[in-house]
Amino acid sequence: MEIKVLQDILSANDRIAKRNRDLLDDKGVFALNLMASPGAGKTSLLLETIKRLKNKVNIAVIEADIASSLDADRISKEGVTTLQINTGGDCHVDANMLNNALESMSLQGTDLLILENVGNLVCPAEFTLGVDRNAMISSIPEGDDKPYKYPLMFSVANAVLVNKIDLLPYVEFDFHNFSRGVSVVNPKAELMQISCKTGEGIDEWVSWLLAEMKK
Amino acid sequence: MHELAITQNVLDIALEQAEKHDASKVTRINLVVGEMSGVVDECVQFYFEFLSKDTIASDATLSFERIPITAHCYDCDTTFPLAEFNWVCPNCQGSNIEVVAGRELYIDSMEME
Numbered sequence: 001m002e003i004k005v006l007q008d009i010l011s012a013n014d015r016i017a018k019r020n021r022d023l024l025d026d027k028g029v030f031a032l033n034l035m036a037s038p039g040a041g042k043t044s045l046l047l048e049t050i051k052r053l054k055n056k057v058n059i060a061v062i063e064a065d066i067a068s069s070l071d072a073d074r075i076s077k078e079g080v081t082t083l084q085i086n087t088g089g090d091c092h093v094d095a096n097m098l099n100n101a102l103e104s105m106s107l108q109g110t111d112l113l114i115l116e117n118v119g120n121l122v123c124p125a126e127f128t129l130g131v132d133r134n135a136m137i138s139s140i141p142e143g144d145d146k147p148y149k150y151p152l153m154f155s156v157a158n159a160v161l162v163n164k165i166d167l168l169p170y171v172e173f174d175f176h177n178f179s180r181g182v183s184v185v186n187p188k189a190e191l192m193q194i195s196c197k198t199g200e201g202i203d204e205w206v207s208w209l210l211a212e213m214k215k
Numbered sequence: 001m002h003e004l005a006i007t008q009n010v011l012d013i014a015l016e017q018a019e020k021h022d023a024s025k026v027t028r029i030n031l032v033v034g035e036m037s038g039v040v041d042e043c044v045q046f047y048f049e050f051l052s053k054d055t056i057a058s059d060a061t062l063s064f065e066r067i068p069i070t071a072h073c074y075d076c077d078t079t080f081p082l083a084e085f086n087w088v089c090p091n092c093q094g095s096n097i098e099v100v101a102g103r104e105l106y107i108d109s110m111e112m113e
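Chains as they are written, first to last, in this note's numbering: chain A, 1 to 215; chain B, 1 to 113.
Please note: incorrect hints may appear among the correct ones.
Only pairs whose alpha carbons sit at most 25 Å apart, straight line, appear in this in silico SDA-like list of lysine to any residue [what the hints assert, rightly or not]:
no.	chain 1	residue 1	chain 2	residue 2
1	A	Lys4	B	Arg66
2	B	Lys25	B	Phe80
3	A	Lys149	B	Arg66
4	A	Lys215	A	Asp203
5	B	Lys25	A	Gly199
6	B	Lys53	A	Asp90
7	A	Lys54	A	Leu107
Just so you know, the hints here were simulated from the structure itself, not pulled from any lab data.
The whole structure should be built from the sequences, with the hints applied where relevant.
Written as structure tokens, this is what we have:
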């Protein structure tokens, strides 16, 4: 016999994402999922963000890596609560991994929770987590064709940050081509140019984040 | 790499449906996969053979219907598949376009005995 199923393959993940959403709402926490390829500047952006915000909002960080605690060590030096999760080979964080992390943290008094996802432009985009906003970084040396090659990632990002703009004198990068690709897959995405090295654009990013937290 | 998680979910849903319908064997699972999802069919097939061993779905055929990344032009109201490197409307050459399909990832139907 043939039966109609019409069920999303990741519906089990989506159900847990809904639980995460409820848990975050319950504790009054705004959660940001930060995604990018390895080396685009996720940890550097986190450090810059924490520096500018730690006296204004109470921040907690979840660092997800396939292995090691190098990133968590860098972040915890800034004096914010940091939880390292190792995905043990998985290329992304799914709703269940985030749920386990959330359950193990007190989150008491936390205003802003930032998840640094596993460095990858494909898999993390597929898994709904139940967070408030998704942000992604694409860096100048990666090239201006990334929205065309990894459209799903760009389609789920509320903010797209182009990092390492201090390298523009040395690297070919066509902003027009890049932003056109982003607008086709995600016309609502907020596009920002930043440099974690010089600090350019970081204040704009932080203002955007604070404004989203108030919404 | 995310195919492992995706395949596990496909198998879980298939076995759940089979139990609900008192089936003794799952013979076919029809999947719909958008091109934007980055799912590699061969990879799902490989994991499925491994994961479904010793289940009533071990002999099931997986069928993949691929949905191309499709865009709509707001200037001339044309809907068209996106070419890999030229993201403009093929009708009016405009760039006021937006992706409208290609993110699908679901089980459409199943066959069981």
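Measure nothing beyond the straight line between the CA atoms of lysine 4 of chain A and arginine 66 of chain B; if it is 25 Å or shorter, mark the hint as holding. 18 Å, holds
For a C-alpha distance cap of 25 Å, please report whether lysine 149 of chain A and arginine 66 of chain B respect it. Within the cut-off at roughly 17 Å; holds.
Is the straight-line distance between the alpha-carbon of lysine 54 of chain A and that of leucine 107 of chain A 25 Å or less? 15 Å, holds
Going straight from one Cα to the other, do lysine 215 of chain A and aspartate 203 of chain A come out at no more than 25 Å? OK: lysine 215 of chain A and aspartate 203 of chain A at ~19 Å, within 25 Å.
Given the proposed pairing of lysine 25 of chain B with phenylalanine 80 of chain B, does the C-alpha separation stay at or below 25 Å? Status violated; Cα separation ~40 Å.
Sort out whether aspartate 90 of chain A lies within 25 Å of lysine 53 of chain B, counting only the CA atoms. With Cα atoms ~22 Å apart, lysine 53 of chain B and aspartate 90 of chain A stay inside 25 Å; holds.
Does the structure keep lysine 25 of chain B and glycine 199 of chain A at a Cα separation of 25 Å or less? Roughly 60 Å between the alpha carbons, so the hint for lysine 25 of chain B and glycine 199 of chain A is violated.
Checked against the numbered hints given earlier, this structure breaks hints 2, 5; the rest are met.
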